[in-house]
Amino acid sequence: MPEVYPVGMADIRIAKAPDVLAVYGVGSCVIVAMYDPKSTIGGLAHVILPDSSGVAPERLNPKKFADTAVPLLFQTLSHAGIFKGSLWAKVIGGAEMFPPTEDFSLNIGKKNTAAVHDALKKLGVPVLAEDTGGTVGRSLEMRLDSGKIALTVLGESVREL
Amino acid sequence: MDDVLNLTKQQLDALRELGNIGSGNAATALAQFLNRKIDMDVPSAKILPLEQVSNLVGGPEQQVMGIFLKVMGQLSGRFILLVPTTTAIKLLQALMPGFEINFVNGKFGEMETSCMREVGNILAGAFLNALSVLTRVPMLNSLPSMAIDMAGALLDSVISDMAAVSDHVLMIETAFVECQENLRIHIFLLPDPASLDRLLEILGVK
Numbered sequence: 001m002p003e004v005y006p007v008g009m010a011d012i013r014i015a016k017a018p019d020v021l022a023v024y025g026v027g028s029c030v031i032v033a034m035y036d037p038k039s040t041i042g043g044l045a046h047v048i049l050p051d052s053s054g055v056a057p058e059r060l061n062p063k064k065f066a067d068t069a070v071p072l073l074f075q076t077l078s079h080a081g082i083f084k085g086s087l088w089a090k091v092i093g094g095a096e097m098f099p100p101t102e103d104f105s106l107n108i109g110k111k112n113t114a115a116v117h118d119a120l121k122k123l124g125v126p127v128l129a130e131d132t133g134g135t136v137g138r139s140l141e142m143r144l145d146s147g148k149i150a151l152t153v154l155g156e157s158v159r160e161l
Numbered sequence: 001m002d003d004v005l006n007l008t009k010q011q012l013d014a015l016r017e018l019g020n021i022g023s024g025n026a027a028t029a030l031a032q033f034l035n036r037k038i039d040m041d042v043p044s045a046k047i048l049p050l051e052q053v054s055n056l057v058g059g060p061e062q063q064v065m066g067i068f069l070k071v072m073g074q075l076s077g078r079f080i081l082l083v084p085t086t087t088a089i090k091l092l093q094a095l096m097p098g099f100e101i102n103f104v105n106g107k108f109g110e111m112e113t114s115c116m117r118e119v120g121n122i123l124a125g126a127f128l129n130a131l132s133v134l135t136r137v138p139m140l141n142s143l144p145s146m147a148i149d150m151a152g153a154l155l156d157s158v159i160s161d162m163a164a165v166s167d168h169v170l171m172i173e174t175a176f177v178e179c180q181e182n183l184r185i186h187i188f189l190l191p192d193p194a195s196l197d198r199l200l201e202i203l204g205v206k
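Going down the list, the sequences are from chains D and X. Residue numbering for the first sequence follows this note's numbering, beginning at 1 and increasing consecutively. Residue numbering for the second sequence follows this note's numbering, beginning at 1 and increasing consecutively.
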């Protein structure tokens with residue numbers, strides 16, 4: 001039986017077929033999924049903020065920020081023996097959950113998504129699929145036997161990404 | 001305050017007392033406009049690791065209504081009220097007797113949305129009023145924003161930018177319980193990390 005491993009906020013986790021990596025209830029956070037179909041090894045990074053600059057290095061948790069978490073996931077997968085040439089990424093989340101009012105707007109979701117794309121571009125990892133933005137929360141399960149992601153939005157049927 | 005993990009027991013007790021005073025006033029306000037008896041859970045001041053935040057209120061995928069407000073003034077922070085949708089419908093029925101509640105495909109009508117935002121406005125206003133009197137620091141709440149979605153998704157977008165440095169968040173939490181139908185409204189106050197020192201100073205527990 002494949003194991004299902006949940007990946008919480010500001011966490012990174014990798015696994016191998018036939019296991020499943022999952023995140024439940026993603027709002028403005030962005031989930032970066034990387035997968036290598038040859039080795040059937042993949043991982044998820046649960047990014048909560050776009051940019052680590054301004055945080056003192058000794059206090060920095062690299063798993064939180066797009067600019068540090070994406071390279072860290074890549075590195076962790078490299079050490080696990082993936083074929084870098086066949087590695088791809090999928091990007092999910094980055095919603096704006098609360099509609100803006102006259103007093104404030106929360107646009108962290110958009111910033112997170114843009115920062116994740118920048119980081120992936122720097123590493124040269126192609127983005128195979130994406131479901132980002134909007135105003136809805138998402139849940140996902142990534143099967144490491146195929147790299148396919150089952151995506152759930154409340155009130156809709158499960159989609160495959 | 002570098003990290004909320006460094007808060008002492010005495011400081012957490014003082015913050016909990018703050019929650020007690022604020023939510024006492026908010027519960028009174030709620031009882032008055034619902035014209036029903038409202039009980040209140042004993043407030044808590046919790047330091048939660050990030051990965052546990054989405055499990056508050058029935059799990060990350062639980063459909064809830066979230067009402068979000070910012071606290072503005074010399075002390076800043078955030079309020080989030082979480083109400084299970086079934087509870088929100090019952091609250092609306094109590095607030096708008098004889099009105100048919102419009103809730104289709106996980107969305108309320110304009111009237112219902114506006115009414116629930118007002119509930120958030122009144123609760124946060126009453127809460128902050130009590131705190132302003134206690135601390136002698138004026139605090140105001142922003143206009144509320146409302147969304148219905150997975151609890152985890154609503155919470156992550158509220159707390160993420162408060163957790164740039166610490167891997168934990170401080171939440172002052174309580175719940176209001178309407179006795180007749182056992183309706184629960186969860187309310188969370190999150191002081192901004194930058195305001196926390198000032199707040200502790202005012203409370204005399206710096």
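Fair warning: there could be bad hints in the mix.
[Stated by the list, open to error] Only pairs whose alpha carbons sit at most 25 angstroms apart, straight line, appear in this in silico SDA-like list of lysine to any residue:
1. X:K107 to D:D118
2. D:K111 to D:E96
3. X:K90 to D:L154
4. D:K111 to X:M72
5. X:K107 to D:G134
Since the hints were derived computationally from the structure, they do not count as laboratory data.
Requested in this report: List in ascending order the numbers of the hints, as given earlier, that are violated by the structure.
Outcome: Hint 1 alone not satisfied by this model.
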